[in-house]
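Following the hints, put chains B, C and D with the ligands in place on chain A, whose structure we already have.
These protein sequence lines map, in sequence, to chains A, B, C and D. Quick note on the working numbering: the first sequence kicks off at 9 and runs consecutively. Quick note on the working numbering: the second sequence kicks off at 9 and runs consecutively. Quick note on the working numbering: the third sequence kicks off at 1349 and runs consecutively. Quick note on the working numbering: the fourth sequence kicks off at 1349 and runs consecutively.
Because the hints were derived from the structure by calculation, they are not lab data. Accuracy of the hints is not assured; some may be wrong.
Think about it this way: if two alpha-carbon atoms lie no more than 16 Å apart in a straight line, the pair counts; the simulated EDC-like pairs of lysine to aspartate or glutamate are [said to hold, decoys possible]:
#1 A:Lys117 with C:Glu1453
#2 D:Lys1583 with D:Asp1553
#3 B:Lys117 with D:Glu1453
#4 C:Lys1478 with A:Glu31
#5 D:Lys1478 with B:Glu31
#6 B:Lys229 with B:Glu334
#7 B:Lys117 with D:Glu1662
#8 A:Lys117 with C:Glu1662
#9 A:Lys229 with A:Glu333
In silico negatives: residues of chain D with every beta carbon more than 12 Å from chain A [as the list claims (entries may be wrong)]:
#10 Glu1536
#11 Ala1565
#12 Gly1576
Every beta carbon over 10 Å from chain A, so not counted as near; a handful from chain D, in silico [what the hints assert, rightly or not]:
#13 Arg1361
#14 Lys1478
#15 Ala1644
#16 Glu1651
The structure presented is a predicted model; accordingly, all values stated were derived computationally and were not measured. Don't be surprised by glycine CBs; every beta carbon is placed ideally from N, CA and C.
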Amino acid sequence: MNRRITFIQAVREAFQEEMRRDERVFVMGQDVQAGIFATTSKLVDEFGPARVINTPICESASVGAAVGAAMTGLRPVVQIMFGDFNYLAMEMTANQAGQWHYISDGALKVPMVIETPSGARGGAGYGHSQSLEAAFILPPGLKVAVPATPYDAKGLLKSAIRDDNPVLFFEHRRLLPQRGEVPEEEYLIPLGQADIKRVGSDVTLVAVSVTVHKALAAAEKLSQRGIEVEVIDPRTLVPLDKDTIFQSLQKTYHLVVVEEGRKRGGFGAELAAIAVEEWFDYLDAPVQRLGTISAALPYSPVLEAACIPSEEDIVQAVLRSLGQEE
Amino acid sequence: MNRRITFIQAVREAFQEEMRRDERVFVMGQDVQAGIFATTSKLVDEFGPARVINTPICESASVGAAVGAAMTGLRPVVQIMFGDFNYLAMEMTANQAGQWHYISDGALKVPMVIETPSGARGGAGYGHSQSLEAAFILPPGLKVAVPATPYDAKGLLKSAIRDDNPVLFFEHRRLLPQRGEVPEEEYLIPLGQADIKRVGSDVTLVAVSVTVHKALAAAEKLSQRGIEVEVIDPRTLVPLDKDTIFQSLQKTYHLVVVEEGRKRGGFGAELAAIAVEEWFDYLDAPVQRLGTISAALPYSPVLEAACIPSEEDIVQAVLRSLGQEE
Amino acid sequence: MQLEDDKRKELYRKMVTVRLLEKRVEQLVTAARIPCSGHFGLGQEAVGVGICGPLRYSDYIFGTHRGFAEYIGKGLTPREILSEYYGKATSLSRGRLGQHLLKPEIGIMPLPSSLGSEFGMAVGTALSTKLRGSDQVTVNLFGEGTAGQADFGPSLEMASLWQLPLVFVCNNNQYVELAHYRNVVATEDIAPRAGAYGIPYEIVDGNDIALVYGATAEAVSRARQGEGPMFLEFKTYRRCTHYTGDPGGYQPQEEIEIWVQKDPIDRCRATMMAEGMWTEADEQAMLASIADEIEAAVKFAEESPYPDPATIYEHIYA
Amino acid sequence: MQLEDDKRKELYRKMVTVRLLEKRVEQLVTAARIPCSGHFGLGQEAVGVGICGPLRYSDYIFGTHRGFAEYIGKGLTPREILSEYYGKATSLSRGRLGQHLLKPEIGIMPLPSSLGSEFGMAVGTALSTKLRGSDQVTVNLFGEGTAGQADFGPSLEMASLWQLPLVFVCNNNQYVELAHYRNVVATEDIAPRAGAYGIPYEIVDGNDIALVYGATAEAVSRARQGEGPMFLEFKTYRRCTHYTGDPGGYQPQEEIEIWVQKDPIDRCRATMMAEGMWTEADEQAMLASIADEIEAAVKFAEESPYPDPATIYEHIYA
Ligand SMILES: Cc1ncc(C[n+]2csc(CCOP(=O)(O)OP(=O)(O)O)c2C)c(N)n1
Ligand SMILES: Cc1ncc(C[n+]2csc(CCOP(=O)(O)OP(=O)(O)O)c2C)c(N)n1
Ligand SMILES: [Mg+2]
Ligand SMILES: [Mg+2]
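One chain only, chain A, in its complex shape (with noise of 0.2 Å):
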């Protein structure tokens, strides 16, 4: 296993094979026959307008249309280009695709994807920059994807389209040009899965999505000072892998949790909760939680990154996780 692959490349095979392998999925959003960050691009070559659709710019309609035809037998999925318009259609989301399942009494299916790219990238703006992927933590029936890597992001895709629950598959905007190690091989990664991106003894930090890459770097910088963190990458967080997190929390007795979202009202909220709730005899400190400002966020790249957690404030938070801070 010695590709190395970017995710927008991880991605677009996962598409390929899942859509070769079963017709009835089939890809909608706007712009993506040409691929507009590129993950969807030529597969209209090889699938066809009718599997590669372009929608007009409805955000709610369009994810109105992928419930309709989940309900219906095919498995499309839809992309909605910036994670921040999801609150387009959250109502097709929250209320309508995650809940026929259950209210039908399993008489309906909704297999669907929301492929999204998101995230703070440095000058998008307000608008265009959000990790909203905490807000599809409340609703019920939902699944949601944070991948990190592009090994993951292919693996995770792959089982969320194959997955009968409709499923948000988030995509950094900072990670989609990064590359990573792919086999040529088929894979899945289960939902609900997650993966200790390090493993460390003294404290257990779980990180989301980008900040993955941000946790792992400021444990190499602890490391130095004789630190050794456990980095625990959740891959989804519905459904949250509670039983990786517990046993390295077993081991260390102290956890950090950081995310790009925003940090009231985050994942990080739900997380810590748990610990507080279930683990309360494996806390030797209070938990830190890490996130964006409750602000939005601002355009200008200086103050967008004063608001986001930086890896400065990742090694800072550990430290004050073992109460050795500075």
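Just chains B, C and D with the ligands, lined up with the frame of chain A:
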């Protein structure tokens, strides 16, 4: 102060007083002239159809219109008939109303209120029964009011209308017909001030909206067993009066939080996270969170009741908190 | 397309079933036997029943909150409806759906509680049949007030752009909750909005079951043959209040009277009798049989057990 | 309404300013001096500039992401624009807005990042002026692709229903991102959709500044006099790619050529010269003065400091 009026009347009085006081205040929404749940009934007789505006059935554009009106000097209150429908307007609320004050560096203000009856009341079904207030904790720039009594409703709505920020004002459907004491004289309740609904020394029980009443009933039962519960009604989720809760915790060292919204990703998550992050040394036991299960709300009242937290669930949670579970 | 005698009798029976069932449900709601409120369509039965006339079970319909007519029309039975309304374990959803009736096996698709959230879904089912190469048709029925909802235009756009087998049906019953529709709808007719998206449309008397059937049959057959979407607006009138909790009073008595004269059931019966295909004896026999069916359904629902609360943990994920 | 000589010169200068400024911004984005991407409107300058011609500072405009024309048109200066694009402390928002230009004092209202989220807001500003008894007019400008967005129809409905002082302007530049608009828009014209909501409309050559100005002046004056909304569709063409990151290639060269011939700036200059109100000397003087203005603005933005990160905690709530 021994006038007892309904929650509906209290809300209507708030409208009347604020509309008399400030001609910039107006109400819009579906059937607000007739007053579908009566909070706005008769307002049109006094203030005319220019200030009590029936809108077409479109929650997104109605909230959008309120945003535009608010930015240009008016103080709209837009009624969203059921809390669930707020997801239809999520883009306007979360991405626009809450963000422009900040990114305009203060040049724009968005003084508006979303008044929204909501919650489970037996037999309204999946999309007319949810308590979605927690969905507005993550987005920036919003305030969230969750009154539990006629007194609080009136005082909070008046403050919400005068506030220069967008405020969501949730009215639990089961509370609307309930009566409570409301003085004749004018009063305001600041947003961000919790209310200790019952003093106690053993456990701090934070309860949201309709669950305040269940919490009080549970507290009475527990009192008969010698357990004195302090029931705190935060009254607003954002801003959150952390001080009052922390003061209570410094006395009780035990925290239970209950809401009718879903537990996963709910308000309880944020509060439990704050507790384990900031009040670690004051927690003698795991925080107990109660909320609705992460499923669509089923129609049959017997099923619905099983999904949402009951008085007995609260009793048990308090006992669990004290290590006295049965 | 012509309404054949047998079909006319079938639709007539369904209209009467709807009317009697609605009355019965109203009593049961008022008596608090049924926990939800009821939304009825007194006087507009021909729309929901008539549009289902030309449909196959395999065709999809998205109905309305005032939808006894289309649900009976598409083949749901009073027993299925009542067991859902009662929230009993014997209902198709074991008590989960309530008024959000659903039966995908006969093409009855979700009724979202948020009005208009079906617009996108209906595009989706029509797109799905097109992609699957099936000749199923989707019918999306909605009120003139719901046509104000956000996804209305986009669904017209998509249906037109992709030439989907999708028939839009606007039931214009002239009221939107507690106000006349012109209070919140800018134009007298809704249908021309579809025209502006390139979708052919027709405005039809919704109180004449033959016209409703005929217009729908044509639109459905066009759609089935791949000739794309069509938009039908049926003019009718809601003679009852918005829902069981609404005391009414805002509809002028004279207005109601006019529409009593145009009652779709009376008109259908008169036509059948004039044509000699229906007798008073037929009428009495039918009424008795419908009453039996409804009472048996009430009894069934009443006697059915409530669902076991433990079932709430089932089907949380597929 | 007629375009007077002075006004024509003013609008001409603004169009040229837009063209030169866009070119300069493109260089600065490419050179990574400006951190955002750039969306330009080469060849369609007459629309944004022209519609602002009849507007007062107190009138509201909701512009577009491709909006140098309307922002310059409404009175924003290159210096104000560039300091925002650079994200500098000297910008009106102290670095917060970026491409989401805003200046409420001169009626430049929010440009939401989500296309179409201005529809509701524009209804709101128009409703606000009506309730306040002011004679301000709101102009809502958007692309033909954005007309597919959900709140488009509802905003037409509300504007028509309430007879708001709201002028809808569709800039139909024939492309929606990387595809011809007919790939995602069902009809050749957008304007008749407004007609179906009872709003009068006009379809106008968007490359003739006098026509753009005249049609808008009439619609604005109607609105100002309380005669309600109007819808204008300007036909034009985007001769550049969608944005700085788009290599293009999907627009046929012949198509572009045709529109080069219809260039609004060339046409305006030719008319002015034919009418004897503009000389080559005027042209050279103007070009030099605009270039100076832009270079001064670049210099100002370049030399301005970045905002202090500590400011992120200011104005979180009002
Ligand atoms: C999104 C949404 N907003 C509001 C409502 C409340 N509501 C229920 S019925 C109704 C009126 C619908 O009018 P119309 O579409 O004309 O249908 P009719 O009731 O006349 O059959 C409204 C506003 C709803 N169910 N969903
Ligand atoms: C809600 C939303 N969806 C998608 C986008 C991405 N987007 C930016 S410009 C654009 C095309 C707009 O086309 P049109 O309205 O014709 O305007 P033009 O770019 O041609 O000026 C799209 C889809 C967006 N900004 N907002
Ligand atoms: Mg109606
Ligand atoms: Mg365009």
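(request) Could you check the structure against the hints above and give me the numbers of any it violates, in ascending order? (result) none
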